[in-house]
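Trainee: Chains as they are written, first to last, in this note's numbering: chain F, 1 to 254; chain Y, 1 to 409.
Among these hints, one or two may not hold up.
[Claimed, not checked] Footprint (simulated), chain F over chain Y, 3 or more residues, beta carbon under 8 Å: (1) 192-203; (2) 289-298.
[Stated by the list, open to error] Label pairs and their computed distance ranges (CB to CB): (3) F/82 with Y/278: 18 to 24 Å; (4) F/82 with Y/65: 54 to 60 Å; (5) Y/160 with F/138: 45 to 51 Å; (6) F/242 with Y/60: 56 to 62 Å; (7) Y/115 with F/111: 41 to 47 Å; (8) F/82 with Y/114: 42 to 48 Å; (9) Y/114 with F/38: 46 to 52 Å; (10) F/121 with Y/302: 23 to 29 Å; (11) F/165 with Y/114: 22 to 28 Å; (12) F/76 with Y/278: 17 to 23 Å; (13) Y/302 with F/13: 37 to 43 Å; (14) Y/36 with F/191: 18 to 24 Å; (15) F/111 with Y/77: 50 to 56 Å; (16) F/35 with Y/118: 41 to 47 Å.
Read the hints as simulated data drawn from the structure, not as lab findings.
Only a predicted model underlies this, so the values are computations on that prediction, with no experimental measurement involved.
Cβ coordinates follow ideal geometry from the N, Cα and C atoms, glycine included.
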Amino acid sequence: MKPHQRIAQAIIAGREQHGIALVAYVTAGYPTLDAFPEILKEACAHADVVEVGIPFSNPIADGGTLQESAREALKRGATMTKIMRTLRDLDGTLAAPLLLMGYLNPLLAYGLDRLADDAIAAGVHGVIVPDLPLEALGMARPLTDASLATIGMVSPVTSDERLARIAEHATGFVYAVTSVGVTGQKRSDQAQIIGYLTKVKAAATIPVCAGFGIRSKQHADALRGACDGVIVGSALMEAVGQGRDVGSVLAALR
Amino acid sequence: MTADTLLRQLIDGELPDDDGFFGRFGGRFVPETLVPALERFEEGARGALDDSAFKTELKQHQETWVGRPTPLMYAPRLSRAWNAQVWLKREDLAHTGAHKINNALGQALIAKRIGAKRVVAETGAGQHGVATAAACARLGLPCIVYMGAIDVERQAPNVVRMWRMGAEVRPVTTGDATLRAAVDEAIRHWVGDPEGTHYILGSAVGPHPFPWIVREFQKVIGVESHRQMLEQAKKLPDIAVACVGGGSNAIGFFHGFLGDADVELHGAEAGGVGANVGQHAATMSGGTPGVLHGSRSMLLQDGDGQVSDTQSISAGLDYPAIGPEHALLAHVGRATYHAVRDDDAIAALDELCRLEGILPAVEPAHALALAKRLCRNRDNPTVLVNVCGRGDKDMPILTKLAEQQGGAS
Ligand SMILES: Cc1ncc(COP(=O)(O)O)c(C=O)c1O
Numbered sequence: 001m002k003p004h005q006r007i008a009q010a011i012i013a014g015r016e017q018h019g020i021a022l023v024a025y026v027t028a029g030y031p032t033l034d035a036f037p038e039i040l041k042e043a044c045a046h047a048d049v050v051e052v053g054i055p056f057s058n059p060i061a062d063g064g065t066l067q068e069s070a071r072e073a074l075k076r077g078a079t080m081t082k083i084m085r086t087l088r089d090l091d092g093t094l095a096a097p098l099l100l101m102g103y104l105n106p107l108l109a110y111g112l113d114r115l116a117d118d119a120i121a122a123g124v125h126g127v128i129v130p131d132l133p134l135e136a137l138g139m140a141r142p143l144t145d146a147s148l149a150t151i152g153m154v155s156p157v158t159s160d161e162r163l164a165r166i167a168e169h170a171t172g173f174v175y176a177v178t179s180v181g182v183t184g185q186k187r188s189d190q191a192q193i194i195g196y197l198t199k200v201k202a203a204a205t206i207p208v209c210a211g212f213g214i215r216s217k218q219h220a221d222a223l224r225g226a227c228d229g230v231i232v233g234s235a236l237m238e239a240v241g242q243g244r245d246v247g248s249v250l251a252a253l254r
Numbered sequence: 001m002t003a004d005t006l007l008r009q010l011i012d013g014e015l016p017d018d019d020g021f022f023g024r025f026g027g028r029f030v031p032e033t034l035v036p037a038l039e040r041f042e043e044g045a046r047g048a049l050d051d052s053a054f055k056t057e058l059k060q061h062q063e064t065w066v067g068r069p070t071p072l073m074y075a076p077r078l079s080r081a082w083n084a085q086v087w088l089k090r091e092d093l094a095h096t097g098a099h100k101i102n103n104a105l106g107q108a109l110i111a112k113r114i115g116a117k118r119v120v121a122e123t124g125a126g127q128h129g130v131a132t133a134a135a136c137a138r139l140g141l142p143c144i145v146y147m148g149a150i151d152v153e154r155q156a157p158n159v160v161r162m163w164r165m166g167a168e169v170r171p172v173t174t175g176d177a178t179l180r181a182a183v184d185e186a187i188r189h190w191v192g193d194p195e196g197t198h199y200i201l202g203s204a205v206g207p208h209p210f211p212w213i214v215r216e217f218q219k220v221i222g223v224e225s226h227r228q229m230l231e232q233a234k235k236l237p238d239i240a241v242a243c244v245g246g247g248s249n250a251i252g253f254f255h256g257f258l259g260d261a262d263v264e265l266h267g268a269e270a271g272g273v274g275a276n277v278g279q280h281a282a283t284m285s286g287g288t289p290g291v292l293h294g295s296r297s298m299l300l301q302d303g304d305g306q307v308s309d310t311q312s313i314s315a316g317l318d319y320p321a322i323g324p325e326h327a328l329l330a331h332v333g334r335a336t337y338h339a340v341r342d343d344d345a346i347a348a349l350d351e352l353c354r355l356e357g358i359l360p361a362v363e364p365a366h367a368l369a370l371a372k373r374l375c376r377n378r379d380n381p382t383v384l385v386n387v388c389g390r391g392d393k394d395m396p397i398l399t400k401l402a403e404q405q406g407g408a409s
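Let the sequences and hints guide you as you build the complete structure.
Mentor: Put into structure tokens, the structure is as follows:
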């Protein structure tokens, strides 16, 4: 099975088992480089797919919690090289497939060819690049050539025509941003979200996951049937920041 | 593509291309939420620039409110001191005190045209914030300005000017608390309301169409300078110099002379206090290609692609990236960029004060220092410097310096 198919399959399996799949976001190197591997293992044990966030100095799509986690991780010396080495060491011990979520500049600095090779070697199955829009997807060629999932992001303000093209080019799943705004913010009106997700579902042949502002089991349950999975980031990193146990936080979301 | 072809395309107005690229630089690297807003803005801007009614309205505001054309002035005492023919383009005499008004006015008019309900802006030196606040006041648009907490302090007079004109100033304490962090926050604000808000970006940076539209509104500096040089000096300059933060005043100024191969174009970057990482903001001298704030250009960054901290006495030049069109100009060899240190800039500021009775902003003081350096070893060159802003806003910095130098009493 190709890496991107493994992501899609994990979402579908999660949906079948729990009614809605769970994607967990963890910032690599947060709260410390040493604590991160255990947090990642726990996240993988309780979620269907895990996003590993690559910290960046200027994360323009992130709200306060994720900004702060990236800042802390950078302060503690998190680099692409160290993160990839950690993932490689953990390969085979993690219960869920991984996605890298990173802004374009650190990925370019690492080199996309090198990233594709190392991602495959470390058991990573795909990437989410929030500042790589459809028009620049050609740049991700080394990643798509390696059959890594390139997650397509859509937002409530995306036109139907763009939505169709993004859904067509995405692999793994389509990431439907549920609120217009940065991560961690309050979501829009429930009926509006359902209508929007129904539209995204209709446009996509791969699974659709909803993210931004999902904090509780109640939020996740409300989206059952409207999409295949939910993505939880800020709420989880907030819990990590407070020293709470990732496993129980994620278990409570099921 | 060869350098010659790219330069030819630039001169012929064919760049940026449809995707917003100037050769390898530029583009639109933003979250999906912003794409429709950028498309709407681009469409609105193209419509406006093709519309004779819009052009007439813009011109009217420029003449009666901004005070255009700004004068071109011969500087006799500076000329003697430098052994050169020194000409100054007096953008400091534009309304609100800097070239920033050219862009803020133009974009505010477009914001109104595309139905924006409010405007956000970022500001470093405060000049773009003041210009945007003024343009919004004139056109009746609510205005929010993000400004790094460090800049709020060092450019305090401009904060009060913004308040007085009805803008809300929001200090930014995250990140480096200077211009880069202010841009981050303005973008985050815009991501939260891309339909109701227009973001008036203040320099020739950011995602397409900003570098293009900012250049189009700043081109007036170069066009006027070209005409005024021919009228008053009866010749074009040998050397044209401007300071470069993001690069808006420089790109507009340079554009008037791009096709005149004999006019050397030079940009002065903030050399800060030293050449080490974190001591300066000299992007072209010390940077490598990278993506920040939606566009690919030269960027001060470490080997992991993390954006470096910067330092400069000039809040307006204290930014780790540069407009993509400048990256192309350097790449094709049409313009050259040099680092100028804080103390050299202050010395140049003093020289202009004492020899010509003009207090420039510390940003164009960098251009003056570079111009002086370039005049050495040449025989009486004709040099044109864009004095893009006045120094009133820098009084807190200058007061502190005067106290240190014991010259305040
Ligand atoms: C007076 C003045 N000059 C220059 C600049 C630098 O901007 P740019 O490089 O876009 O011209 C600023 C920015 O705030 C400024 O206020």
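Trainee: Determine for every hint whether it applies to the structure shown.
Mentor: Against the structure, the hints:
no.: 1; hint: 192-203; result: holds (count 4)
no.: 2; hint: 289-298; result: holds (count 5)
no.: 3; hint: F/82 with Y/278: 18 to 24 Å; result: holds, 22 Å
no.: 4; hint: F/82 with Y/65: 54 to 60 Å; result: holds, 55 Å
no.: 5; hint: Y/160 with F/138: 45 to 51 Å; result: holds, 48 Å
no.: 6; hint: F/242 with Y/60: 56 to 62 Å; result: holds, 58 Å
no.: 7; hint: Y/115 with F/111: 41 to 47 Å; result: holds, 43 Å
no.: 8; hint: F/82 with Y/114: 42 to 48 Å; result: holds, 45 Å
no.: 9; hint: Y/114 with F/38: 46 to 52 Å; result: holds, 50 Å
no.: 10; hint: F/121 with Y/302: 23 to 29 Å; result: holds, 24 Å
no.: 11; hint: F/165 with Y/114: 22 to 28 Å; result: holds, 24 Å
no.: 12; hint: F/76 with Y/278: 17 to 23 Å; result: holds, 19 Å
no.: 13; hint: Y/302 with F/13: 37 to 43 Å; result: holds, 40 Å
no.: 14; hint: Y/36 with F/191: 18 to 24 Å; result: holds, 22 Å
no.: 15; hint: F/111 with Y/77: 50 to 56 Å; result: holds, 54 Å
no.: 16; hint: F/35 with Y/118: 41 to 47 Å; result: holds, 42 Å
Of the numbered hints stated above, none is contradicted by the structure.
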